[in-house]
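J.: Model the full structure from these sequences, guided by the hints.
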Amino acid sequence: MLYVNKVGPYFNPHETYHYYQLPVCRPDKIVHRSLTLGEILDGDRMAESMYKIHFKVSAEKKALCTVNLSADEFKKLKEAIEDLYYFEFVLDGLRLWGFIGQLEEGSLIPHKHKLYLWTHLTFNIEYHGDQVISANVTVTDGVPMLLDEMTAPLDITHTYSVRWLPTNASERAPGGLSKSGPQGSFFPQTLEIHWLSVINSLVLIFLLLGFIGVILTRVLKNDIARYNSLDSKAEMDVEEYGWKIIHADVFRFPPYKNLLCAILGVGTQFLCIAVGVLLMALLSVFNVHNHGSMNTAICVLYALTSCIAGFVSSKMYRQMGGTKWVTNVNLVSCLFFIPLFLVWSIQNSTAWIYHSTQALPATTVVLLLLVWICCGYP
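This note's numbering numbers the first residue of the sequence shown as 1 and each following residue consecutively.
Quick caveat, the hints were computed from the structure, so don't treat them as lab data. Warning: the hint list may mix true and false statements.
For lysine to any residue, the following SDA-like pairs were computed, each having C-alpha atoms within a straight-line distance of at most 25 Å [what the hints assert, rightly or not]:
1) K56 x K112
2) K56 x V162
3) K61 x T140
4) K61 x Y86
5) K257 x W325
6) K112 x F74
7) K61 x E48
8) K62 x D28
9) K257 x N330
10) K61 x D155
Now the in silico label distances, taken between C-beta atoms and shown as ranges [as the list claims (entries may be wrong)]:
11) G106 x S201: 42 to 48 Å
12) K221 x T350: 53 to 59 Å
13) T350 x N295: 16 to 22 Å
14) L204 x Q102: 44 to 50 Å
15) C307 x P27: 43 to 49 Å
16) H14 x L103: 18 to 24 Å
17) L367 x V31: 21 to 27 Å
18) Q102 x S201: 49 to 55 Å
Quick reminder that beta carbons are idealized off the backbone N, C-alpha and C, glycines included.
T.: Here is the structure:
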């Protein structure tokens with residue numbers, strides 16, 4: 001089963017909308033697939049498509065549907081192509097990407113461009129035995145439709161082809177994309193490690209730490225030598241200055257010890273979450289084809305490690321002689337959650353106004369709140 005998922009501008013992957021918000025081929029009744037918590041947090045909204053793809057059954061130039069576009073729908077489609085909208089499909093757990101259309105720039109002054117709509121999609125699927133190994137979708141096999149020469153209302157016929165290709169690979173590659181397929185590098189590769197820059201930064205940090213250590217050592221050594229050179233009687237007449245005047249501050253509790261202990265507890269919790277996620281990744285718990293599994297794991301770890309934050313904070317607070325333990329518990333519980341909730345409320349409301357898939361459904365919001373109230377807060 002091929003599922004349609006979402007669309008959005010290519011250079012802003014976090015702005016996504018449901019695929020069926022565009023004037024495209026859609027079934028009479030839209031049936032959504034049940035999603036995991038991680039997939040919902042990723043902004044997925046998978047729904048059944050009209051593409052009929054059967055295992056090892058190839059097809060060429062198969063008609064999908066004919067869409068009758070009104071003036072408003074035609075304008076919406078042209079705006080999507082101008083914003084370089086891409087689409088995302090899901091086939092057997094594999095994500096497929098392609099562009100809705102093509103923007104061809106003409107002249108700059110006066111500004112002219114041409115808009116093309118891809119009306120034919122080709123699905124290239126590699127299989128080994130009874131398992132789908134990789135898949136991609138291409139849009140360049142067909143002749144695009146020049147929209148500048150069209151006026152609404154108009155009818156647009158969409159077609160597709162399916163090609164099943166045997167492969168010797170017995171396991172899926174990360175992402176399930178064909179190495180020779182154009183979708184293997186569909187999104188820009190922004191995560192590149194520049195080792196020379198990393199090494200230069202580390203060297204600079206160690207040099208600065210070394211300079212600071214040398215300076216502090218010399219200052220402390222001079223102060224200690226001066227104090228040792230004075231006898232007890234002369235020391236009574238000399239006004240203290242230097243590092244000695246702050247020796248008692250080491251054993252003095254800070255004025256906002258409640259806040260300090262809460263920050264320490266939440267920081268310890270985040271450290272445990274980071275270590276837990278890294279260990280799960282090293283143990284191959286996260287499957288690249290199990291979309292959203294890392295988001296789900298982070299939510300679960302945050303709820304489970306809340307006890308660590310409370311324990312560390314309350315223990316340190318008691319060692320400092322604190323008595324308002326109820327305030328400390330409430331503070332450590334809300335220190336991260338309340339600011340996060342306020343920022344999320346603004347972002348989610350904006351996404352909801354624009355009908356973006358990044359807006360969480362009400363059921364998911366209630367579920368997350370229940371997890372925090374029943375597991376995280378206590």
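J.: Starting from K257, check that the Cα of N330 is at most 25 Å away, please.
T.: Answer holds: K257 to N330 is near 14 Å, not above 25 Å.
J.: Does the Cβ distance between L367 and V31 fall inside 21 to 27 Å?
T.: 22 Å, holds
J.: Okay, K221 versus T350 on CB: inside 53 to 59 Å?
T.: The hint (53 to 59 Å, Cβ to Cβ) holds, given that K221 and T350 are roughly 58 Å apart.
J.: Next pair to validate is K61 with Y86; report whether the Cα-Cα distance is within 25 Å.
T.: 22 Å, holds
J.: Could you see if the CB distance from C307 to P27 stays within 43 to 49 Å?
T.: 47 Å, holds
J.: Need the status of pair K56, K112: alpha-carbon distance at most 25 Å?
T.: 45 Å, violated
J.: Run the distance test for K56 versus V162: straight-line Cα separation, threshold 25 Å.
T.: Distance ~9 Å between K56 and V162 Cα, so the pair holds.
J.: Sort out whether W325 lies within 25 Å of K257, counting only the CA atoms.
T.: With a Cα-Cα distance of about 12 Å, the restraint between K257 and W325 holds, given a limit of 25 Å.
J.: Would the pair K62 and D28 pass a check requiring their Cα atoms to be no farther apart than 25 Å?
T.: 19 Å, holds
J.: Confirm or reject the claim that T350 and N295 have a C-beta distance inside 16 to 22 Å.
T.: 20 Å Cβ-Cβ, so the 16 to 22 Å window holds.
J.: Are the Cα positions of K61 and T140 separated by 25 Å at most?
T.: 13 Å, holds
J.: Please verify whether K112 and F74 have alpha carbons no more than 25 Å apart.
T.: 19 Å, holds
Violated hints, in rising order: 1, 18; the structure is consistent with all others.
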